[in-house]
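One-letter residues, chain by chain:
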Amino acid sequence: MTQAIIAQFKLDYGTFQLDVNLQLPNSGITVLFGESGSGKTTLLRCIAGLQHAPQGFLEINGKIWQDSKHSLFLPTHKRALGYVLQEANLFAHLTVSGNLCYGLKRIGQSSETEHFEQVIELLGIEHLMRRMPERLSGGERQRVAIARALVLNPEILLMDEPLASLDAKRKQEILPFLTRLHSELNIPVLYVTHSQQEVAQLADYLVLLANGKVQAAGLLAETFSRLDLPQAQNRQAASVWQVNVVEHESDYHLTRVAFSGGELSLPALDATLGTPLRIQIYARNVSITLEVGKATSILNILPATITDRVDDEGGQTVLRLQVGSQPLLAHITRKSAQLLNLQAGMAVYVQIKSTSILN
Amino acid sequence: MLSAEDIAALSLTLKVASLATFILLVIGTPLAWWLARTRSRWKSFCNALVALPIVLPPSVLGFYLLILMGPAGFVGRLTIELGLGTLPFTFAGLVVASVLYSMPFVVQPLQNTFSAIGDTPLEAAATLRASPLDTFFSVVMPLSRSGFLTAAILGFTHTLGEFGVVLMVGGNIPEKTRVVSVQIYNHVEAMEYSQAHGLAGGLLVFSFLILLLLYNVLKTNPVTQFK
Chain A
-9 MTQAIIAQFK LDYGTFQLDV NLQLPNSGIT VLFGESGSGK TTLLRCIAGL QHAPQGFLEI
51 NGKIWQDSKH SLFLPTHKRA LGYVLQEANL FAHLTVSGNL CYGLKRIGQS SETEHFEQVI
111 ELLGIEHLMR RMPERLSGGE RQRVAIARAL VLNPEILLMD EPLASLDAKR KQEILPFLTR
171 LHSELNIPVL YVTHSQQEVA QLADYLVLLA NGKVQAAGLL AETFSRLDLP QAQNRQAASV
231 WQVNVVEHES DYHLTRVAFS GGELSLPALD ATLGTPLRIQ IYARNVSITL EVGKATSILN
291 ILPATITDRV DDEGGQTVLR LQVGSQPLLA HITRKSAQLL NLQAGMAVYV QIKSTSILN
Chain B
45 MLSAEDIAAL SLTLKVASLA TFILLVIGTP LAWWLARTRS RWKSFCNALV ALPIVLPPSV
105 LGFYLLILMG PAGFVGRLTI ELGLGTLPFT FAGLVVASVL YSMPFVVQPL QNTFSAIGDT
165 PLEAAATLRA SPLDTFFSVV MPLSRSGFLT AAILGFTHTL GEFGVVLMVG GNIPEKTRVV
225 SVQIYNHVEA MEYSQAHGLA GGLLVFSFLI LLLLYNVLKT NPVTQFK
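Those sequence lines, one after another, are chains A and B.
Note that the first sequence ends on residue 349 in this note's numbering; no numbers are left out.
Note that the second sequence ends on residue 271 in this note's numbering; no numbers are left out.
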């Protein structure tokens, strides 16, 4: 992975301090995750230049946008970025097409390019071009806003909770576009959210923020399963795996998927062989056994090694395991952990009761 | 029904009001923008200064303008130095007085519109590579259309109706400073009620129609904007 985005900012608002020093990949989706007040939006605004951190250094793909040591601060309109907010924020006096061309005119480009067509097609907004923003649904508006940022072919796309103001149905309408965007356009995305679901669905790289500081940063699977971080103890704790479809067992309505280190059975999927998928395994749906039982209804039993164990105060034990090369979290009772005498380094089997498919 | 003098007063009034409105839009726009965006501690001071003509008796404003622009006043000495003579009792003086008198009626609607736009469209424009000046013309102005229309119409109609300031600064010189409101006063003084009706009725109907246009077509409430 090339570390092509360097972001260092320090600012002090009295009640809130931001102090980050990040190196981020220049491809894929990096999610800035944290509770409200953790500084994720402030960080994004500093990167966009909408907020001026008195001490900062920002380099994007070799171009320096801020270097306070040399009094360099590029104003927002001179930064090749795209910015999408929670509210679509379209210009109310322009049509969809006018909105899309607003930025293009300013960088002296026409809308008659392959890239423009590709973006329009990707976001499915061909039929909306002549409409005024007030006549679009919330989901449509947000898609136009994303397209408006993307047609400029920015060095980086910044998204600040772009789905937060949409209901669950509209969210599901936009998420597939975001994952496609990811696979079809080579623009790095910085995505702010406080929704764990969006993290699981979108993130390649995860940055956890709390109180204006970086708690952890790393690849999603690694960071998500770190026991020293609070979200591993959470009831919603889950592991996210990247898998490929390898076989359909149509008699049983099952689909086999492979990951680096083994295979899993999932409820039948309508996907061609080889399709990459992202699945989520809740820690509470994983149980541990020392030997493969002869009689069990659970299909997915895999050999694993315990890499870490943490007991919480509520009688729950959180285990981190390695299945092939994939990290996996399991929530079990402390009593079971005691009875089986589970320790780091032990070889065990994990039984996965159910999985959910993210995309 | 209207005499030649009435027509002259009417045309003078329209000239003063148009010119004052034009000047007000040119200087009022940046002023309103600054007042809507600034966090300076001078903001309240400037707001109060701009709003003063709303509460001040026009004769008070006119009196001080007369002194300020007279041969002994600061502005008067400046204009004499510049070879322009003094402004009171001239057309130019009338326009200057009108600009100050109608200032809040132009600045406040603009300021309200600009404030209502908020930061987000400006930030959106910046992220789409538009410089601040470009943003003002390509985003703020089109989004403030009704604010500009309200400001222009209110500035114009308010100038049409001024009396106290005009009488103080302009006096009552036919074809030079005698505007409609003064002419109506002259008619009433001379007991020429029917001629007063011609002008007064005309002004009444005109002002009502303008306000009707503002309320009905623009769906704005021009009066509450001053609260």
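Bear in mind the hints are in silico, worked out from the structure with no lab data behind them.
All values derive from a computational prediction rather than experimental measurement.
Worth double-checking, as some hints may not be accurate.
From chain B, some residues computed to sit far from chain A (all C-beta separations above 10 Å) [said to hold, decoys possible]:
#: 1; residue: L75
#: 2; residue: R81
#: 3; residue: T82
#: 4; residue: P102
#: 5; residue: G129
#: 6; residue: A136
#: 7; residue: F252
Heads up, simulated SDA-like pairs for lysine to any residue below, C-alpha to C-alpha not over 20 Å straight-line [unchecked claim]:
#: 8; chain 1: A; residue 1: K68; chain 2: B; residue 2: F181
#: 9; chain 1: A; residue 1: K95; chain 2: B; residue 2: F181
#: 10; chain 1: A; residue 1: K95; chain 2: B; residue 2: P176
#: 11; chain 1: A; residue 1: K68; chain 2: A; residue 2: P44
#: 12; chain 1: A; residue 1: K68; chain 2: B; residue 2: T164
#: 13; chain 1: A; residue 1: K95; chain 2: B; residue 2: T179
#: 14; chain 1: A; residue 1: K95; chain 2: B; residue 2: V184
#: 15; chain 1: A; residue 1: K325; chain 2: A; residue 2: R274
#: 16; chain 1: A; residue 1: K95; chain 2: B; residue 2: E167
#: 17; chain 1: A; residue 1: K68; chain 2: B; residue 2: L177
#: 18; chain 1: A; residue 1: K68; chain 2: B; residue 2: F180
#: 19; chain 1: A; residue 1: K68; chain 2: B; residue 2: E167
#: 20; chain 1: A; residue 1: K68; chain 2: B; residue 2: T82
#: 21; chain 1: A; residue 1: K95; chain 2: B; residue 2: S175
#: 22; chain 1: A; residue 1: K325; chain 2: A; residue 2: Y339
#: 23; chain 1: A; residue 1: K95; chain 2: B; residue 2: D178
#: 24; chain 1: A; residue 1: K68; chain 2: B; residue 2: P176
#: 25; chain 1: A; residue 1: K95; chain 2: B; residue 2: K220
#: 26; chain 1: A; residue 1: K95; chain 2: B; residue 2: S182
Label pairs and their in silico Cβ distance ranges [claimed, not checked]:
#: 27; chain 1: A; residue 1: F63; chain 2: B; residue 2: L248; range: 31 to 37 Å
#: 28; chain 1: A; residue 1: Q76; chain 2: B; residue 2: L100; range: 42 to 48 Å
#: 29; chain 1: B; residue 1: S190; chain 2: A; residue 2: D157; range: 30 to 36 Å
#: 30; chain 1: A; residue 1: D218; chain 2: B; residue 2: R81; range: 31 to 37 Å
#: 31; chain 1: A; residue 1: E174; chain 2: B; residue 2: R81; range: 54 to 60 Å
#: 32; chain 1: B; residue 1: S190; chain 2: A; residue 2: Q76; range: 23 to 29 Å
#: 33; chain 1: B; residue 1: L193; chain 2: A; residue 2: D9; range: 44 to 50 Å
#: 34; chain 1: A; residue 1: Q187; chain 2: B; residue 2: R83; range: 55 to 61 Å
#: 35; chain 1: B; residue 1: R85; chain 2: A; residue 2: D218; range: 47 to 53 Å
#: 36; chain 1: A; residue 1: Q76; chain 2: B; residue 2: I51; range: 56 to 62 Å
By construction, the Cβ of each residue, glycine as well, lies at the ideal position given by its N, Cα and C atoms.
Verification of the hints:
no., hint, result
1, L75, "holds, 23 Å"
2, R81, "holds, 15 Å"
3, T82, "holds, 17 Å"
4, P102, "holds, 38 Å"
5, G129, "holds, 46 Å"
6, A136, "holds, 38 Å"
7, F252, "holds, 30 Å"
8, A/K68 x B/F181, "holds, 18 Å"
9, A/K95 x B/F181, "holds, 14 Å"
10, A/K95 x B/P176, "holds, 16 Å"
11, A/K68 x A/P44, "holds, 19 Å"
12, A/K68 x B/T164, "holds, 18 Å"
13, A/K95 x B/T179, "holds, 13 Å"
14, A/K95 x B/V184, "holds, 17 Å"
15, A/K325 x A/R274, "holds, 15 Å"
16, A/K95 x B/E167, "holds, 17 Å"
17, A/K68 x B/L177, "holds, 14 Å"
18, A/K68 x B/F180, "holds, 17 Å"
19, A/K68 x B/E167, "holds, 13 Å"
20, A/K68 x B/T82, "violated, 23 Å"
21, A/K95 x B/S175, "holds, 13 Å"
22, A/K325 x A/Y339, "holds, 18 Å"
23, A/K95 x B/D178, "holds, 12 Å"
24, A/K68 x B/P176, "holds, 11 Å"
25, A/K95 x B/K220, "violated, 50 Å"
26, A/K95 x B/S182, "holds, 12 Å"
27, A/F63 x B/L248: 31 to 37 Å, "violated, 58 Å"
28, A/Q76 x B/L100: 42 to 48 Å, "holds, 45 Å"
29, B/S190 x A/D157: 30 to 36 Å, "holds, 32 Å"
30, A/D218 x B/R81: 31 to 37 Å, "violated, 46 Å"
31, A/E174 x B/R81: 54 to 60 Å, "violated, 40 Å"
32, B/S190 x A/Q76: 23 to 29 Å, "holds, 27 Å"
33, B/L193 x A/D9: 44 to 50 Å, "holds, 49 Å"
34, A/Q187 x B/R83: 55 to 61 Å, "violated, 39 Å"
35, B/R85 x A/D218: 47 to 53 Å, "holds, 48 Å"
36, A/Q76 x B/I51: 56 to 62 Å, "holds, 60 Å"
Hint compliance for this structure: hints 20, 25, 27, 30, 31, 34 are not met, and every other hint is.
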